[in-house]
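Protein chains in written order, with the numbering used here: chain R, 1 to 246; chain Z, 1001 to 1240.
It is possible that part of the hints are untrue.
Simulated crosslink set (DSS-like; lysine-lysine; CA at most 27 Å straight-line) [as the list claims (entries may be wrong)]:
{"#": "1", "chain 1": "Z", "residue 1": "Lys1156", "chain 2": "R", "residue 2": "Lys144"}
{"#": "2", "chain 1": "Z", "residue 1": "Lys1074", "chain 2": "R", "residue 2": "Lys54"}
{"#": "3", "chain 1": "R", "residue 1": "Lys49", "chain 2": "Z", "residue 2": "Lys1238"}
{"#": "4", "chain 1": "Z", "residue 1": "Lys1005", "chain 2": "R", "residue 2": "Lys49"}
{"#": "5", "chain 1": "Z", "residue 1": "Lys1129", "chain 2": "Z", "residue 2": "Lys1114"}
{"#": "6", "chain 1": "Z", "residue 1": "Lys1074", "chain 2": "R", "residue 2": "Lys144"}
{"#": "7", "chain 1": "R", "residue 1": "Lys49", "chain 2": "Z", "residue 2": "Lys1018"}
{"#": "8", "chain 1": "Z", "residue 1": "Lys1018", "chain 2": "R", "residue 2": "Lys144"}
For the record, the hints were derived by calculation from the structure and aren't laboratory data.
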Amino acid sequence: MDVRWDIVSGYMPAFLKAAVMTLEVTAISVTLGTLLGLFLGIGRLAQAKHGIIKYFLLLAVRWPAALYVTFFRGTPLFVQILIVHFGVLPLFIHPQDGLLISGELAFEIKSNYGAFISGIIALTLNSGAYIAEIFRAGIQSIDKGQTEAARSLGLTYGQTMRYVIVPQAFRRMLPPLGNEAITLLKDSSLVSAIGLAELAYVARSAFGSTSRVWEPYLTISIIYLIMTLGLSVLVAWLERRYGKGD
Amino acid sequence: MIEVKDLQKNFGDLQVLKGISCSIEEKEVVCVIGPSGSGKSTFLRCLNGLEEITSGQVIVDGFDISHSETNINKVREEIGMVFQRFNLFPHMTVLDNIMLAPLMVRRISRNEAKNRALSLLDKVGLSDKANAYPNQLSGGQQQRVAIARALAMQPKIMLFDEPTSALDPEMVGEVLDVMQSLAQEGMTMVVVTHEMGFAREVSDRVIFMDQGVIVEEGNPQQIFTDAQNERTRSFLGKVL
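Build the full structure now, drawing on both the sequences and the hints.
Pasting the structure below:
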């Protein structure tokens, strides 16, 4: 098999630009997904001993959080992306009757950033569900004595979480969190289906115009591999950095 | 200082405390002794609300802990607690462990918190360990840091939950020494312990618990040499 290097080199600028897009979408989604996951994870653990608050937390916090996780883990990311892009986004941003933005501006946003916004929303919502489970497991793995010690010093529940439990849980969560980031980086290729010019999308258009499979798809495979390896190294470094006292 | 009236505590169907009443005065050092499973630790944990009270009343420093509108965090600021398993925060240095609550709860300045932490470390004989992490310390050292951490809040009462039970024998002494000097300074202390020597030497009063009730209480002299109740005598006969 002869490799047509001219395709590789000719499309390289486009691939690199697409790689930046892939990284951007992934980085933003992982960051927002981690925040969402933190609140969902704590929400799934929220409980009170007394009266009305107890039922409030159960009905308004725990169950919705559990429902959320069940839905977003139990349905395909691909379907979620399509629903967000063709269903949810037009509901809020629409030239005629957008709930959030409408008119000329809505048209501008949709045609220029529609896929970008939808992709980030879908990936964030999806990864939030997985990260919520990672947080829940991480928080539950911390010895109960840590909470008791902090609370007995007069710290509130929030302060205990913020300064004592979450920092320790975070250290244990780094490996699964790294996994989730790598999964998300690869799954961001699904966003190509709604036309975001990331790696998979550019490879497909290269394939379309040259009818060559190996050159574009092997090239982006290598680029994906370099990025996932880079992520692994980053996670390993973070583990060392936050491993103090363990 | 502490007023307990008919305190009951159930874990599901299991009744652990079956009506405890007692009062502890300011500057009093009270040791709670008794066999495993007698409810000593549960009793102690009810005093700062770590265990929810099933029925009865616990009034600490004027606050009714059993009342749901009492801000339990405010009460806990005045009650230090030392645990069997130390429960130091492993991701923080010794200094940060001690400074956390004064900074976050008392909201004193960083400088003041640091000075206070250093002088407490000096007091428990661990000045050189300020920047160490808990896992670099021996059990006895960790427990002394835990005591310093509780003292940094300048509490009115200190609760000790079997503070030496998880220690190697040669480290028990260093922790008891710290507790003894604390007692001599006039701290109000409630100590759940198996260290009969400490109970006898340091405490003002000994409470003997068995099967969820206070079987007998009195000054150490009286309990250790002239116990009135058969169960007390049989327990002491086994441990002394």
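Worksheet item: Honestly, which of those hints from before does the structure not fit?
Response: 3
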